[in-house]
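Per the working numbering, the very first residue in the sequence shown carries number 1; after that it's consecutive.
Hints should not be assumed to be uniformly reliable.
Unchecked claim - For lysine to aspartate or glutamate, the following EDC-like pairs were computed, each having C-alpha atoms within a straight-line distance of at most 16 Å:
no. : residue 1 : residue 2
1   : K135      : D148
2   : K120      : D148
3   : K107      : E119
4   : K107      : E143
5   : K115      : D90
6   : K94       : D77
7   : K115      : D77
8   : K115      : E89
Hint data in this document are derived by calculation from the structure and do not stem from the laboratory.
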Amino acid sequence: VHVELLPGYDVFADTGKVLCQPLGLERCNRIYALCESGIRERLALRGELDLILAEFMTKEPKPASAKMISLLPIITDMQQNLSAQIRREDMAAKYGWNPSVLSRTFKQVFGCGMKQYAEKLLTARLVEEILLTNKTLQQLAVEYGFCDSYYLSAFFKRNMGVSPSTYRRIHFHENEQSETAP
Numbered sequence: 001v002h003v004e005l006l007p008g009y010d011v012f013a014d015t016g017k018v019l020c021q022p023l024g025l026e027r028c029n030r031i032y033a034l035c036e037s038g039i040r041e042r043l044a045l046r047g048e049l050d051l052i053l054a055e056f057m058t059k060e061p062k063p064a065s066a067k068m069i070s071l072l073p074i075i076t077d078m079q080q081n082l083s084a085q086i087r088r089e090d091m092a093a094k095y096g097w098n099p100s101v102l103s104r105t106f107k108q109v110f111g112c113g114m115k116q117y118a119e120k121l122l123t124a125r126l127v128e129e130i131l132l133t134n135k136t137l138q139q140l141a142v143e144y145g146f147c148d149s150y151y152l153s154a155f156f157k158r159n160m161g162v163s164p165s166t167y168r169r170i171h172f173h174e175n176e177q178s179e180t181a182p
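Make a model of the complete structure from these sequences and hints.
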């Protein structure tokens, strides 16, 4: 995490190490639920993340496990190159892991498989794109490595329960109402 209190001043730059803050399963589930919701919930998510960052400054964070540190390059790569084409075998080969060991380590650290983790990241990114841009489904499909907009829509519906166009329409309408409310 890169946090600037003032431009050019990274709060965590001087630590020189990876830190972690245990959140607990209930809090993690609440954060995941906020990731998959509308704009109000995403603002609440931002507040929750600010609270977590504040905990790093007020509590003594625990050093991250060696397993988590070993996965950081892979996680960073996944976030920077988010795509429907992320494959365990490719990531394992790229970073010198045995695919089975990578899967097992990922599950131990994050409590879910690498594919599920990548799908959550991709779904959250698509929600942002759908709510905050006017990109077409075809543009998003190309940008995020789907064969076409049909596959993107099926992926989105499987993860969010509604199609991307329905999601955009519902939340666009919700935002219009909140902006016109007294």
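So, going through the hints one by one against the coordinates:
Of the supplied pair hints, the one linking K135 and D148 holds, its CA atoms being roughly 14 Å apart against a limit of 16 Å. Restraint check: the Cα-Cα separation between K120 and D148 comes to about 20 Å, which exceeds 16 Å; the hinted pair is violated. At roughly 14 Å between alpha-carbon atoms, K107 and E119 fall within 16 Å of each other, so this suggested pair holds. Straight-line distance between C-alpha atoms of K107 and E143 comes to about 28 Å, which puts the hinted pair past the 16 Å bound.
Between K115 and D90 the CA atoms are separated by roughly 12 Å; this keeps the pair inside 16 Å, and the hint holds. At roughly 10 Å between alpha-carbon atoms, K94 and D77 fall within 16 Å of each other, so this suggested pair holds. Only pairs whose Cα atoms come within 16 Å are accepted, and K115 paired with D77 is accepted, the gap being roughly 14 Å. For the hint linking K115 to E89, the alpha-carbon distance of about 11 Å falls within 16 Å, and the restraint holds.
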